[in-house]
Amino acid sequence: MKNLLLNKELPQIMHIDLNSAFAMIEQQAHPSLRHKAIGVTNRISKHCCIIAASYEAKNLGIKVGMRLDEALLITPNFIILETDPAKYHYVYQKLMSIMKSYSPSVKMKSIDEGIIDFHDSLKYVHHQSLESIGQEIKEKLKQEIGDWITVNIGIGTNQFLAKVAASLHKPDGMDKIDHKNLIKTYQQLKLTDLTGIASHYEARLNAAGIYTPLDFLQASADTLNRLVFRSVNGENWYQRLRGFEVDNFTTKLGHIGRQWVLNKPTNQNNLLLPSLQFLCQTTGKKLRFKNVDARGIMIWLRFNNGENWYQRKMYKVSFFSDHDIYQKALYLFNQRPNNMIVQTMGITCYQLTKSARNQISLLDQVNRDHWLTTAIDTINEKYGDFKIFSAGSLNSTKLIKQKIPFGGTEYFSLLLQHN
Amino acid sequence: MNPIITIDKVVDVIAVFKKDKNKKTNCLPAKIRYQNQEIIIKQLALYHPTKAGQRTIHVFDVSDGQNDYRLEFDTQNLIWRLMAMTIN
Numbered sequence: 302m303k304n305l306l307l308n309k310e311l312p313q314i315m316h317i318d319l320n321s322a323f324a325m326i327e328q329q330a331h332p333s334l335r336h337k338a339i340g341v342t343n344r345i346s347k348h349c350c351i352i353a354a355s356y357e358a359k360n361l362g363i364k365v366g367m368r369l370d371e372a373l374l375i376t377p378n379f380i381i382l383e384t385d386p387a388k389y390h391y392v393y394q395k396l397m398s399i400m401k402s403y404s405p406s407v408k409m410k411s412i413d414e415g416i417i418d419f420h421d422s423l424k425y426v427h428h429q430s431l432e433s434i435g436q437e438i439k440e441k442l443k444q445e446i447g448d449w450i451t452v453n454i455g456i457g458t459n460q461f462l463a464k465v466a467a468s469l470h471k472p473d474g475m476d477k478i479d480h481k482n483l484i485k486t487y488q489q490l491k492l493t494d495l496t497g498i499a500s501h502y503e504a505r506l507n508a509a510g511i512y513t514p515l516d517f518l519q520a521s522a523d524t525l526n527r528l529v530f531r532s533v534n535g536e537n538w539y540q541r542l543r544g545f546e547v548d549n550f551t552t553k554l555g556h557i558g559r560q561w562v563l564n565k566p567t568n569q570n571n572l573l574l575p576s577l578q579f580l581c582q583t584t585g586k587k588l589r590f591k592n593v594d595a596r597g598i599m600i601w602l603r604f605n606n607g608e609n610w611y612q613r614k615m616y617k618v619s620f621f622s623d624h625d626i627y628q629k630a631l632y633l634f635n636q637r638p639n640n641m642i643v644q645t646m647g648i649t650c651y652q653l654t655k656s657a658r659n660q661i662s663l664l665d666q667v668n669r670d671h672w673l674t675t676a677i678d679t680i681n682e683k684y685g686d687f688k689i690f691s692a693g694s695l696n697s698t699k700l701i702k703q704k705i706p707f708g709g710t711e712y713f714s715l716l717l718q719h720n
Numbered sequence: 002m003n004p005i006i007t008i009d010k011v012v013d014v015i016a017v018f019k020k021d022k023n024k025k026t027n028c029l030p031a032k033i034r035y036q037n038q039e040i041i042i043k044q045l046a047l048y049h050p051t052k053a054g055q056r057t058i059h060v061f062d063v064s065d066g067q068n069d070y071r072l073e074f075d076t077q078n079l080i081w082r083l084m085a086m087t088i089n
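Protein chains in written order, with our numbering: chain A, 302 to 720; chain V, 2 to 89.
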């Protein structure tokens with residue numbers, strides 16, 4: 302085999318992944334549900350989507366993303382629970398605080414996984430090996446949260462290899478990938494086992510004659526750039542597969558929004574508008590929480606016949622208040638094809654800029670908007686969410702439950718100011 | 002399908018405050034009186050705090066060895082509520 306130019310440095314990135322996080326935390330909280338096939342969803346209904354499944358459920362073939370009725374066909378004893386964000390937030394905080402006790406360089410990738418970079422701190426952690434630190438973290442989680450909590454730990458020279466290592470032996474595994482066992486590890490995997498390679502990329506790789514991770518590793522940067530990814534992504538993959546870090550960047554906040562799948566699809570305004578108004582209020586809260594204003598707004602709908610529709614508009618003046626967002630959203634929403642039955646609706650605010658609300662405006666109306674919004678936010682922060690809200694969204698505040706924020710943790714504190 | 006029954010009732014609770022042995026929390030509910038029945042808690046499964054506005058609520062998920070119970074202690078009113086139980 303030709304010289305593959307692998308990264309030969311000591312692995313100093315640790316990826317920690319809570320196993321089937323929400324389901325495992327629920328089993329921790331409910332001892333009577335341990336060793337049983339359970340799942341977690343945002344709101345229980347016949348067709349609700351399972352967002353986490355216990356290992357017992359997974360062993361029976363129940364997968365994340367499956368509908369409840371499908372899971373019940375596999376096993377009628379399947380138990381479904383609704384999400385409890387406060388519980389997951391507590392475990393998230395515990396996990397983060399344990400991770401930060403080893404290095405200041407901790408990055409949470411989502412609510413159930415994070416990365417510790419030991420590059421600048423390993424020599425200060427009692428000269429322990431990363432494997433022994435990993436073992437210690439597993440024990441601390443059991444002591445501080447509960448004995449049912451298990452994590453997968455992966456150690457590698459970059460974030461990608463650490464994540465791949467963390468997925469090798471689930472649940473409760475710990476693996477290290479470095480230049481010595483990299484090829485052997487790739488030999489045991491399929492292309493889609495690699496984080497970031499799903500069926501679409503797999504097809505592109507296959508078209509270029511790449512069928513295994515080892516083929517992928519042996520492909521030249523030029524082949525990956527020109528034939529497979531047709532962008533700088535090819536060079537990134539070339540580096541990533543060899544254990545060099547290319548994923549250590551922060552993403553810029555581009556848009557903020559919310560979506561909602563209706564319990565009963567309808568085309569009736571009296572049923573749709575309260576939900577739209579509620580989505581506007583929660584989007585407004587997120588904007589203000591991130592201290593940004595928006596200039597663009599988009600409304601998108603999915604109809605019960607599977608068709609999608611969207612309308613968007615840019616404004617010269619930025620906006621942030623629930624009232625403004627709703628007025629602008631309503632203008633777009635009213636342009637939809639009226640006869641179509643709406644199944645899912647979503648709102649997205651974009652063209653975000655840092656808020657200038659701390660500066661008093663020359664326009665009295667802008668100041669009044671700001672003061673009113675601030676007063677309402679303050680009252681809701683003190684007494685709990687939706688103590689004051691638009692009367693038009695009265696029914697929706699009871700209907701639409703806050704969802705668990707996948708992929709990011711930035712709204713967790715906001716989500717928890719509830720009730 | 003969903004074995005959790007919502008109760009949301011104020012209950013009598015006897016709690017034990019320990020020095021530092023248990024790292025989950027130093028406060029352990031030991032006994033609940035609900036509908037004239039005494040439930041003896043055998044296990045603290047999970048503790049977590051939560052917020053209702055600015056009020057802190059301490060949530061204790063406990064078990065009597067057979068069923069699971071969710072107890073909440075409101076730090077503003079100093080009231081224990083039995084929020085839910087899991088029946089098997």
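If you're looking for bench data, these hints aren't it; they were derived computationally from the structure. Predicted model only: the values in this text are computed from it and were never measured. In this text, a Cβ means the ideal position worked out from N, Cα and C, and glycines have one as well. Treat each hint with caution, since some may be false.
Facing chain A, from chain V, some residues (calculated, C-beta under 8 Å) [said to hold, decoys possible]:
id : residue
1  : K25
2  : N37
3  : I41
4  : D69
Calculated pairs, DSS-like style, for lysine-lysine (alpha carbon to alpha carbon, straight line, at most 27 Å) [unchecked claim]:
id : chain 1 : residue 1 : chain 2 : residue 2
5  : V       : K25       : A       : K688
6  : V       : K25       : A       : K614
7  : V       : K25       : A       : K443
8  : A       : K337      : V       : K52
9  : A       : K688      : A       : K408
10 : A       : K439      : A       : K359
11 : V       : K20       : V       : K32
12 : A       : K591      : V       : K20
13 : A       : K395      : A       : K481
14 : V       : K52       : A       : K683
15 : V       : K10       : A       : K443
16 : A       : K587      : A       : K553
17 : A       : K565      : A       : K553
Pairwise hint evaluation, V:K20 against A:K591, where the allowed Cα distance is 27 Å at most: violated, 40 Å
Straight-line alpha-carbon gap V:K25 to A:K443, limit 27 Å: holds, 10 Å
Status of the V:I41 interface restraint (C-beta, 8 Å, chain A): Since the shortest Cβ distance to chain A is 15 Å, the answer is violated.
Given hint A:K481 paired with A:K395 - CA-CA distance at most 27 Å: Roughly 34 Å separates the two Cα atoms, so the pair is violated.
Pair hint V:K52 and A:K683, alpha-carbon separation not exceeding 27 Å: holds, 10 Å
Hint consistency between V:K25 and A:K688 [alpha-carbon to alpha-carbon, up to 27 Å]: With a Cα-Cα distance of about 32 Å, the restraint between V:K25 and A:K688 is violated, given a limit of 27 Å.
Hinted pair A:K688 and A:K408, Cα distance within 27 Å: violated, 34 Å
Distance restraint between A:K565 and A:K553, which requires alpha-carbon spacing of 27 Å or less: Violated - the C-alpha atoms of A:K553 and A:K565 are around 36 Å apart, more than 27 Å.
Proposed proximity, V:K32 with V:K20 (alpha carbon, max 27 Å): holds, 19 Å
When the least beta-carbon distance from V:D69 to chain A is tested against 8 Å, hint result: holds, 5 Å
Straight-line alpha-carbon gap A:K337 to V:K52, limit 27 Å: Violated - the C-alpha atoms of V:K52 and A:K337 are around 30 Å apart, more than 27 Å.
Distance restraint between A:K587 and A:K553, which requires alpha-carbon spacing of 27 Å or less: Holds - the C-alpha atoms of A:K553 and A:K587 are around 15 Å apart, at most 27 Å.
The structure does not agree with the numbered hints 2, 3, 5, 6, 8, 9, 12, 13, 15, 17 stated previously, though it agrees with the rest.
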